[in-house]
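Visitor: Here's the letter readout for the chains.
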Amino acid sequence: MPAKSNAAAKSSDREIVITRVFDAPREMVWKAFTEREQMAKWWGMKGMTTRVLELDPRPGGTFLYVIRMPDGREMCGKWVYREIVAPELLVVVHFSTDNTGEPIPHPYDPNLPPEMLTTTRFIENGKRTTMELRSVPINETAAQRAAFNKLADAMEEGFNNSLDLLDDYLATI
Amino acid sequence: MVQQQTTSQISADRLSATFAALSDPTRRAILGRLASGESSVTELAAPFEMSLPAISKHLKVLQRAGLIERGREAQWRPCRLAAAPLKDASDWLEHYRRFWEESLDRLEEYLRELQKKEKKNARKK
Chain D
1 MPAKSNAAAK SSDREIVITR VFDAPREMVW KAFTEREQMA KWWGMKGMTT
51 RVLELDPRPG GTFLYVIRMP DGREMCGKWV YREIVAPELL VVVHFSTDNT
101 GEPIPHPYDP NLPPEMLTTT RFIENGKRTT MELRSVPINE TAAQRAAFNK
151 LADAMEEGFN NSLDLLDDYL ATI
Chain H
1001 MVQQQTTSQI SADRLSATFA ALSDPTRRAI LGRLASGESS VTELAAPFEM
1051 SLPAISKHLK VLQRAGLIER GREAQWRPCR LAAAPLKDAS DWLEHYRRFW
1101 EESLDRLEEY LRELQKKEKK NARKK
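Those sequence lines, one after another, are chains D and H. Every letter in the first sequence is one number past the one before it in my numbering, and letter 127, counting from 1, is 127. Every letter in the second sequence is one number past the one before it in my numbering, and letter 84, counting from 1, is 1084.
Hints may be right or wrong, so weigh each one.
As the list claims (entries may be wrong) - Straight-line Cα separation of at most 25 Å, DSS-like style, residue types lysine-lysine; simulated pairs: (1) D:Lys-31 <-> H:Lys-1120; (2) D:Lys-31 <-> H:Lys-1057; (3) D:Lys-46 <-> H:Lys-1117; (4) D:Lys-41 <-> H:Lys-1120; (5) H:Lys-1060 <-> D:Lys-41; (6) D:Lys-41 <-> D:Lys-127; (7) H:Lys-1057 <-> D:Lys-41; (8) H:Lys-1124 <-> D:Lys-127; (9) D:Lys-127 <-> H:Lys-1120.
Derived from the structure by calculation, the hints contain no laboratory data.
Taking the hints into account, I'd like the entire structure generated from these sequences.
Guide: What follows is the structure in structure tokens.
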């Protein structure tokens, strides 16, 4: 049951790791990640449409976007580029904003960490490209970190042997 | 950072209550115990060397946070896990992951189309 240990591991190491292999050359994948028209074509979940307000891929530059949800509501977010090594490395800080690009608290809960540091590597893999993405919360206030750690502790230590049982239970609801 | 707004309003309040309830190791242990099935207060109190009123206090906090439910039918009012709020709290990073995963699915599809077009163009030349 692969889903089982995932929840706990992710909560405790506070990191999202995604690896993908794209059946496309690295240069093409890199452009899809760094060109305005192309970002708008894929950034966002299914059923959402994305408008790019700003895309300036250099350190300190920003990618500012508006996402329109299927029910018509819109929300904005921003990447600030930290490090760029074309066509292999992209480091960005990602957060929610209002429509002028000003940061807003985490839309899910103000107690949650507001910013994610996302590091994406693009590795040549014959005619394919392996993408490795790591995302971790940063710039939390002490209170936000405490809230997160409480949860992580609960998931990690508190349940001990019961954790698996609890995971099974959660999987059924 | 994009979440489903429909759930976010309810979840924001609930999450705070969840975090508060989870801050105590006894309460976490109680939840762990309840994961294996409903239980009476007396049964829950047994492993903790705590008085029944002390355990009842913890149960009230858990109940207020919506993490457990108490039966009304029987006099012993069995406690059972109501884990939806817990799931919300453990899911927030998962939401962010899902956002990326779905975007990357779309990217994959987009790249596939792009490749097709390029091949077509190459043949024309």
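Visitor: Hint compliance check: list the failing hint numbers for this structure, sorted ascending.
Guide: 2, 5 and 7
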